[in-house]
Structures are given as C-alpha cells and as structure tokens.
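Asks: Sequence:
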Amino acid sequence: MSDSNLQFPISILLSSFISTTIAQIAPLDENAMQSARERQDQLTKPRGALGRLETLSIQLAGIARTPRPRFHNPVIITLAADHGIARQGVSAYPSAVTPQMVLNFVRGGAAINVLARHVGARVVVGDLGVDAEFSDDENIIHKKIARGTNDFSREPAMTRGQAERAVEVGIEIAQREIESGADLIGTGDMGIGNTTASSAIVAVMTGRAPREVTGRGTGIDDAALAHKIRVIERALEFHKPDARDALDVLSKVGGFEIGGLAGVILGAAALRVPVVVDGFISGAAALLAYGLAPGVQPYLIPAHRSVEIGHRALLEHLSEKNFPMNPLLDLDLRLGEGTGAALGISLCIAAAKILDEMATFQEAGVADKTV
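Letter by letter, the sequence shown follows residues 1281 to 1651 of the numbering used here.
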C-alpha cells in the first residue's frame, strides 16, 4: 500500500445516495472466516495444499457471512461509453467500434459472451455514454449520461455532477442485479480511448508518473505510445486532479463507464457481494471506489494480471496486509469486456465448492495424523 493512501479519506461532498451506500459497507465477518479456516484445515488434504483456493474460499466466506458460501448466479456487468480523448489519436481503433461492440455483446458474439457462457454467468450490458443511440428493443440498460466525455486534453472530461451520476448509476445497476438474485459480480468495460483515461486515473491515484502506468491499449506503435503519454502528462499538469478526491479525478480525466464500474463496486460491497475485478480499466474503477470508500478493499478479487503496465501499480496500491491484491491468473490478457473476470468467477466458484463439498477427515473416515 502506497504512502498516498494515508491521505484518504478527506471530507468531500457526495450525494446522499452515494453516502448512504458507502455507510452500508461493513468489515468482513471474522467468525465466518474463522469457521471456514477451521473447516479447510479438516478437509481431506494436507493443510494449505490447495493454496490460493483455500485463502480465496475464506475471503468469500467473510464477504458472504457464512462459513460455507455457495454461488449460483454470477453476473458480469459490462459498462460502455465513449471518450473525447480518442480524438487525439491515442487508440488504434476509431470510436465507431464502441457501439458496434456493444451490439456484439448483447447479441452474444463477443469473447465475453463465450467465456460467460463457459462459466455459467449472465452478461449485463449498460450504456452510460456511448456516442450512438440504441433501440429500446436491444437488451441494454439505457443510462446514457452524455454521448461520450469531453476531450480531457482541452477541458474536463465531464462535470462533477456527471461524475457523481455515473457512480450512482453503477450502484443502481449493482443493486438491481443483486436484488434479482446475483450473488457474484464481475466487472467489464467497453470504450475506445478508455486505457488513456484509466492511465491518467492510475497515475493520479497511485502518484506514479504517466510513463510508468501507460501502455499500448489496443495495440498502438511506439510513436503513438509516446504521444499518448505526452497527452496524459499535459492533461494532468493542466487539470491538477486531486488524488484525495476521487470524484475530482473522475470528472477531470475519467470516463462514464469507469465511474459506473466504481459505483458497481460500491453497490456490491454494500450488499455483501464479492466483486471479481477484470483488468486495467476495471482496476482504475476500483481505485476510484477505494478512494471513495477504503472499506471496499476486502470485497475485491483481482481476476488476472493485465498486460497493461499500469495494472501492477494499481494492484500494489490497492493491496492491504490481510487481503493482498494478487491476481488469480496471468494469461497476458488485455481485451477488457470482463473476459478475465469471467475466468476469475470460475475459480471463485471452484474455491467455494472445495470448502463446501469436500469431505473432512472425520466424514471420510480417513486418518489425518499421517497426512
């Protein structure tokens, strides 16, 4: 955990809805975790032999507040929005790809759909700021705040009110899905230009230089990468976003879908549901959620380590002693959409099943002294 965390939180003005949500975020259930830990030690295996699956199951027990958590309705919430900064040539793809991919999501043809089907998860797609209009017939949550953010190299990405609204929408979506039965949430994103916004957020929130946390995104070349870094450096110097105020950072250099995902994290934590965090963009959203409410930290489960160089920095920043942010997987992923989260959800379910379904030495009639 970096020294900048010592500045959190400061007194900032939040809507009553966000404030109420944050107030509901409670510590994990120590009794449930202790019971889960004791059961793990009695299962028919050497203690610790299943490694991360064991510690993950204990964390899940604390979140769900039961010694033997069960997950039957995982949902991946993939939020989409466009970014004005894309006009600065920071992406290998045009902004027209954002609405095209949103339609691909809702019609089941994207990587996230394939992996979600593979792990038995539903994909929920929300439009928070795509620069296009979608038919009401499409299976999309219509929560458009604006048709894309402003170009933050020239002006703030959005107003503070819009930033607050993005977070509120994310909370609303998480609440709706959990009330409908979701018991495990994964995060996903879509938005051309959003690695630039995320790099800017990560630079501010971790105190790192932009060059240390800015990667190639959709696959830009060396010249475009150098340009992308310069754009972020100049924007941060111009706007001077305050790392102690996550909404200030979001409003100046963020994206609507990133703010929405921060809200999803807050909403899920308030309702005691684990959040499997996807890659770099979802990680930037987690930084903002953590800035607003440090209590969300133990509810976060990092699915994988992204190829984006800033991902390691944000995971280090979010790590705490009892719950280090060690990714479950390292597969050189850099797609987003929630693809890594889908795979992480599979491991969370596996960890919970080991804790719940595996026999103890006594139940199996196996002597444990020689194991």
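What the hints contain is simulated information worked out from the structure, not anything from laboratory work.
Predicted model only: the values in this text are computed from it and were never measured.
It is possible that part of the hints are untrue.
Unchecked claim - Computed beta-carbon distance windows for the label pairs: (1) 1303 to 1369: 53 to 61 Å; (2) 1310 to 1642: 42 to 50 Å; (3) 1295 to 1522: 25 to 33 Å; (4) 1574 to 1296: 33 to 41 Å; (5) 1645 to 1297: 31 to 39 Å; (6) 1297 to 1524: 15 to 23 Å; (7) 1327 to 1514: 28 to 36 Å; (8) 1322 to 1419: 20 to 28 Å.
Stated by the list, open to error - Restricting the straight-line Cα-Cα distance to at most 16 Å, the calculated cross-link-like pairs of lysine to aspartate or glutamate (EDC-like) are: (9) 1423 to 1413; (10) 1325 to 1612; (11) 1325 to 1596; (12) 1325 to 1643.
C-beta atoms are modelled at their ideal positions from N, C-alpha and C, and glycine is treated no differently.
Asks: Determine for every hint whether it applies to the structure shown.
Replies: Each hint tested on the structure:
For residue 1303 paired with residue 1369, a C-beta distance near 43 Å fails the hint of 53 to 61 Å. A hinted range of 42 to 50 Å is violated for the C-beta pair residue 1310 and residue 1642, which are about 25 Å apart. Distance hint check for residue 1295 and residue 1522: the Cβ-Cβ separation is about 18 Å, which falls outside the suggested range of 25 to 33 Å. Range check, residue 1574 to residue 1296: Cβ separation about 20 Å, and the 33 to 41 Å hint is violated.
For the pair residue 1645 and residue 1297, the beta carbons lie near 54 Å from each other, so the given range of 31 to 39 Å is not met. Restraint check, residue 1297 to residue 1524: a C-beta distance of roughly 22 Å satisfies the suggested window 15 to 23 Å. For residue 1327 and residue 1514, the Cβ-Cβ distance of about 54 Å falls outside the hinted range of 28 to 36 Å, so the restraint is violated. For residue 1322 and residue 1419, the Cβ-Cβ distance of about 45 Å falls outside the hinted range of 20 to 28 Å, so the restraint is violated.
A threshold of 16 Å between alpha carbons decides the hint, and for residue 1423 with residue 1413 the separation of about 11 Å falls inside it, so the pair holds. A C-alpha spacing of about 32 Å is found between residue 1325 and residue 1612, which places the hinted pair above 16 Å, so the restraint is violated. Distance hint between residue 1325 and residue 1596 is unfulfilled; the C-alpha atoms sit about 32 Å from each other, more than 16 Å. Proximity of residue 1325 to residue 1643 is assessed by CA-CA distance (about 13 Å); at most 16 Å being required, the pair is judged to hold.
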